[in-house]
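The primary structure of each chain is shown beneath.
Number of protein chains: 2
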Amino acid sequence: MKIIDVKKLIIKTFKKFNLSEKHSNICANALINAELVGAHSHGIIRLPSYCKRIKKKVINAKPKIKIRNISQSITNIDADNAIGFVGADLGINCAIKNAKKTGLGFVAIKNSGHYGLSGYYAEQAAKKNLFAFCFTNAPPAIAPHGAKKTLFGTNPICFACPSGNKVPFVLDTSMSMINRGKIRRAAKLGKKIPYGFALDKNGKPTNDPAKALKGMQLPIAEFRGSGLAWMVDILSGVFTGSNHGGKVKDPFDDFSGPQNIGHLFIVFKQNLFVKNYSKRIKENISKVKNLPKIKGIKKIYYPGENKAERFKLNKKKEINISLNLLSEINLLNKS
Amino acid sequence: MKIIDVKKLIIKTFKKFNLSEKHSNICANALINAELVGAHSHGIIRLPSYCKRIKKKVINAKPKIKIRNISQSITNIDADNAIGFVGADLGINCAIKNAKKTGLGFVAIKNSGHYGLSGYYAEQAAKKNLFAFCFTNAPPAIAPHGAKKTLFGTNPICFACPSGNKVPFVLDTSMSMINRGKIRRAAKLGKKIPYGFALDKNGKPTNDPAKALKGMQLPIAEFRGSGLAWMVDILSGVFTGSNHGGKVKDPFDDFSGPQNIGHLFIVFKQNLFVKNYSKRIKENISKVKNLPKIKGIKKIYYPGENKAERFKLNKKKEINISLNLLSEINLLNKS
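Line by line, the protein sequences give chains A and B.
In this text, residue positions in the first sequence follow this note's numbering: the first is 1, and each later residue adds one.
In this text, residue positions in the second sequence follow this note's numbering: the first is 336, and each later residue adds one.
Rather than coming from a laboratory, the hints here were simulated on the basis of the structure.
Hints are supplied without guarantee of correctness; some may be wrong.
Claimed, not checked - With a straight-line Cα cutoff of 25 Å, these simulated BS3-like cross-link-like pairs (lysine-lysine) come out:
(1) B/Lys523 <-> B/Lys546
(2) A/Lys317 <-> A/Lys8
(3) A/Lys201 <-> B/Lys633
(4) B/Lys536 <-> B/Lys517
(5) A/Lys149 <-> A/Lys128
(6) A/Lys100 <-> A/Lys166
(7) B/Lys633 <-> B/Lys343
(8) B/Lys669 <-> B/Lys350
(9) A/Lys211 <-> B/Lys630
(10) A/Lys128 <-> A/Lys275
(11) A/Lys100 <-> B/Lys435
(12) A/Lys295 <-> B/Lys435
(13) B/Lys435 <-> A/Lys293
(14) A/Lys293 <-> B/Lys546
(15) A/Lys64 <-> B/Lys622
(16) B/Lys523 <-> A/Lys148
(17) B/Lys536 <-> A/Lys293
Model the full structure from these sequences, guided by the hints.
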């Protein structure tokens, strides 16, 4: 299906579920972006679940979002359980505005939901000559180091900064060996996942995505990844006044209440301490890119570069939607 | 040797090498802290190298440090190649002061040097009811993902926050499979390191610490750890106006010039967005600690807890200094 038609379909569907034109548009842009960067697990495949959450009133279609400026740099947003994309969109724009004004933007969003790819928001800041950290927590997926029960989400660390060229440096890396969305997608497509990425509910290694989803994902680098996932839970959940400590509900399996997810966005100007930032970052990146490569590697990519290449390619193509998914969406529009 | 006597010896030695009483004291506190938390690789074993750097004039014993306040939150420090501990001590105190005033402290330090353990500085903020990120870069140790040459330092991610009890949450985790100091210590003690942590200079796996030091350390979680180490290089080096892209000199092997290392400290108030932070963080930590444990695990520790336990134990003991090291230090005091 043509990209513009997919976008229209998403907007039409969200509007059918009572989202405003503006909010539907924000959501569609985020989902289309996920498709175009190749993160299909965060793309249109999730539309039916979002609609179900709205229908079950665990996403608020008509949120009364409250914005409170604590200082010219610091802002607190209560998203009133709006769909995650909307709270995050407002949050990153607010952080960008504050950073442009004072050098620093520091924005906490509470009562929000799953917002898709962190990199999508961080990239928006980096394209405006700003650095950005985006933190968000997620439903239990990773067992803390030493525990045999999941508690932390995949809790990505996301950082972006200008690269001196059109494609920003965007690192968006979950703290699990594999993204939960990829496991979910493997399950949906009937594919296996590699061993060593997850355990079943009894703590045994598994390559079955369904068992992995019921079991535990393994953190990267044992106690290190576990500690980093814990940090993200504290920053996004404890600190912002949102759910934490394993209380975030799974957006696709648990419709018993809102997610109350938190986000923390820290944004700052690239040239706070140096006048020639662009020159410096270009030197840095070219240094790394020009290192001798290991066998079989043709090019060293900086984080975000790979996704940007996929985006460019995919922008010229149509978006592939399975017939199953399409009929599910059509059904939603008839309900 | 008694702790107080080790401290006196360190102060005496640094003063012999022209550091002021105040700066010698700052350095001694940092080195003693490293010994007491059990990070011996960052402790008194490094004293002779620091003295050699001062003697070779690549550490400035009498720095003219410049402090420039960009706003009430943002400060830029040029450490004039002071010993790293001094620049970092000033930086964290400045970040704490700014955060207490405005909620946010954001401090970049350039022309600094190796400052020991990041956690030592972050912990100081956490003990004052503040959150802290401490970033610093380091000499080449890790090969970027896809490259067969080292460029990134072990570049730790360090984060601390109050835990609701006396021992703060302090995560201080290098982006390499093993800390460089531990390899160095293994080499000094004639011990092996585990396979899978490092490659020799030809890219072959090795358990010989001497070969590992000349070769490459492996990043955690492949491209993820590589990306995070890159992020730390950008934040500490490119952004602050310091060396980056593999230009930071090894403090113990390369006396051809100053290190020009950069640090970035981001500090903020625990209660910016919630009134009951202490209650919330206590709940969070107790949730994790009370999870069912895997076989052989008696207790789940939060980051920093283990080190604090060692600190408490070691504070009652003497510090073990090898005769070799002691005679080396005595020689320095006679030179």
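Evaluation of the provided hints:
no. : hint                  : in the structure
1   : B/Lys523 <-> B/Lys546 : holds (13 Å)
2   : A/Lys317 <-> A/Lys8   : holds (16 Å)
3   : A/Lys201 <-> B/Lys633 : holds (20 Å)
4   : B/Lys536 <-> B/Lys517 : holds (18 Å)
5   : A/Lys149 <-> A/Lys128 : violated (41 Å)
6   : A/Lys100 <-> A/Lys166 : holds (20 Å)
7   : B/Lys633 <-> B/Lys343 : violated (39 Å)
8   : B/Lys669 <-> B/Lys350 : holds (12 Å)
9   : A/Lys211 <-> B/Lys630 : holds (21 Å)
10  : A/Lys128 <-> A/Lys275 : holds (16 Å)
11  : A/Lys100 <-> B/Lys435 : holds (23 Å)
12  : A/Lys295 <-> B/Lys435 : violated (52 Å)
13  : B/Lys435 <-> A/Lys293 : violated (47 Å)
14  : A/Lys293 <-> B/Lys546 : holds (20 Å)
15  : A/Lys64 <-> B/Lys622  : violated (32 Å)
16  : B/Lys523 <-> A/Lys148 : violated (38 Å)
17  : B/Lys536 <-> A/Lys293 : holds (13 Å)
In the structure shown, a violation is registered for the earlier hints numbered 5, 7, 12, 13, 15, 16, in ascending order.
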